[in-house]
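Colleague: Chains as they are written, first to last, in numbering that gives the first Met the number 0: chain W, 0 to 278; chain X, 0 to 223.
Hints were generated in silico from the structure; no laboratory data involved.
Just so we're clear, the structure is a prediction, and the values are computed from it rather than from any experiment.
Errors might be hidden in some of the hints.
[Unchecked claim] Calculated pairs, DSSO-like style, for lysine-lysine (alpha carbon to alpha carbon, straight line, at most 30 Å):
1) W/K52 with X/K72
2) W/K52 with X/K163
3) X/K41 with W/K41
4) X/K78 with W/K146
5) X/K127 with X/K163
6) X/K41 with W/K243
7) X/K41 with X/K163
8) X/K78 with X/K173
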Amino acid sequence: MKVKILFIEIYKVFIRRRSYIGFAAILFIVIMLLVAVSHEAKTVLDFLTSNLKDSFSFQGNLVNGNLYAHIVLRSLWVHIPLLIVLVTGDLVSGEYQSGTFRLVLSRPVSRFTIISSKFIAGFIYVVLLIVFLAVLSLGLGYLFLGKGDLLVTGNTINIFESDDVLWRFALSYLFGILSMLTVASLSIMLSTLFDNSITAILMSLAIVISLTFVSTFNIPFINIIKPFIFTTYMGGWQSFFEFKIDMQHIIFEAIILVVHIVAFYILSLYIFLRKDILT
Amino acid sequence: MKIFTKIYVLVILALSAANVLAQDIDPLIVLDSAQNKIQNIKSYTADAEIDVDVDFLQMSPRKAKITYEYPNKLDIDTKGFIMIPKYGFRPFMKTIANEDNMVVFAGREEIDGNNCFILKLLPKVDGKIVMIKLWVRVDDYLIRRSETFTRRSGSFLIDFIYGKEVLPDKMIFKFETKGINMPWKIMGNSIDVDEDKFKDADMKTGTVTIVFGNYIINYDDDDR
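I would like the entire structure built from these sequences, with the hints used as guidance.
Modeller: Given below as structure tokens:
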């Protein structure tokens with residue numbers, strides 16, 4: 000019965016048109032970025048290295064599929080949460096609104112099973128969205144721009160050999176999935192709290208945007224509260240594009256995100272178990 | 000009074016001897032000998048490992064295959080991206096090989112146990128290079144060190160470390176360069192970046208070390 004409920008929840012996620020908005024948006028942005036990178040990246044790299052050109056000769060192509068996939072990752076990371084909450088913010092509240100819970104809960108199905116199935120269905124959607132992003136950006140990048148060494152800008156310019164790159168992308172996407180699962184959990188929790196989908200989605204968006212905004216600021220007062228905001232830990236994927244990877248710090252960040260996911264899940268359960276379904 | 004006369008004569012003799020010793024060194028002969036060492040090499044191939052050490056850039060050492068053919072053909076075959084100091088190969092060789100330089104003998108110096116003549120090459124024609132200072136080993140006339148002063152790009156110091164061949168086993172380039180231009184607006188703001196690190200007003204110093212191996216000098220096509 001539990002497996003059947005899970006399949007029904009997954010089916011419900013993928014039967015709705017709005018679930019494909021995220022995929023369509025990613026496809027559009029990825030293609031736009033491919034055009035932009037193939038036309039503009041050389042100019043940007045020339046500008047980046049213009050001071051060095053007096054002293055150095057460069058050989059090799061840095062405008063390649065790896066650079067493109069990294070630019071996609073960096074550009075989209077702020078926006079993917081917005082695409083995710085469009086779907087996950089509606090998972091529970093959508094059913095409050097349409098009144099289907101009264102029908103479902105009149106059958107011998109536990110509220111625990113329903114909420115757990117909704118979380119799993121939401122998580123599957125998130126994983127598929129990130130896998131889609133990964134396959135699309137790396138696939139299109141390698142197809143149109145070829146392989147090559149990866150240039151990453153941060154506190155230093157890091158240039159990784161092309162053979163040393165794929166595992167970094169894989170771990171970054173894995174960490175990214177964890178970050179996005181945190182956002183999805185928050186929005187499912189809010190979706191459990193509010194009877195109206197729009198309110199749940201907008202509330203999720205408002206929280207994610209404002210917390211992301213706060214966690215990118217560098218002001219002493221804000222720096223004090225940063226450790227207590229989960230969005231501060233969502234950029235941990237970037238650590239995989241450093242030569243000295245601080246695994247302890249990454250594991251710490253991952254644990255913080257997992258704790259948030261569990262907390263949001265338990266809160267959702269608590270809210271849903273005590274909720275009077277009146278609609 | 001006699002003692003003072005003797006001391007005076009001795010000092011004059013000593014100074015004259017030093018002057019004669021210095022004048023004995025004809026900078027053109029030293030340079031010719033160094034040039035001959037280079038010009039005898041009509042071609043070579045070598046495996047190279049290139050390691051760039053600059054504080055604003057991190058990359059692992061890269062492997063390359065270097066092919067040189069006299070006078071000025073240099074191919075560097077590598078799988079990935081490499082950075083090579085511009086004044087290390089062609090312009091340096093070209094300036095040294097050029098006969099239209101003013102050469103001045105500038106003394107002697109010992110570098111890591113190698114006794115060297117110091118020459119200063121001043122190109123007569125205005126170009127990118129203002130002066131090259133050369134340390135030429137007394138024993139075999141191999142260039143042990145060079146310092147190139149350019150019009151726009153600061154100075155470059157190259158140490159040549161030899162093994163069995165007349166070509167170096169290792170070249171260490173020390174250079175000054177401006178930092179990098181960071182296009183902040185398009186790089187995104189999701190990372191904490193210390194912008195002061197990138198301010199390009201200050202000159203940064205760096206090192207590029209190239210380790211050579213498997214030399215084939217003056218090869219036939221079959222050797223390649």
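Colleague: Are the hints correct? Go through all of them and say.
Modeller: Okay, the hints, checked on the actual structure:
1. W/K52 with X/K72: holds (20 Å)
2. W/K52 with X/K163: Distance ~34 Å between W/K52 and X/K163 Cα, so the pair is violated.
3. X/K41 with W/K41: violated (37 Å)
4. X/K78 with W/K146: holds (11 Å)
5. X/K127 with X/K163: violated (33 Å)
6. X/K41 with W/K243: violated (43 Å)
7. X/K41 with X/K163: With Cα atoms ~18 Å apart, X/K41 and X/K163 stay inside 30 Å; holds.
8. X/K78 with X/K173: The hint holds at about 25 Å.
The structure does not agree with the numbered hints 2, 3, 5 and 6 stated previously, though it agrees with the rest.
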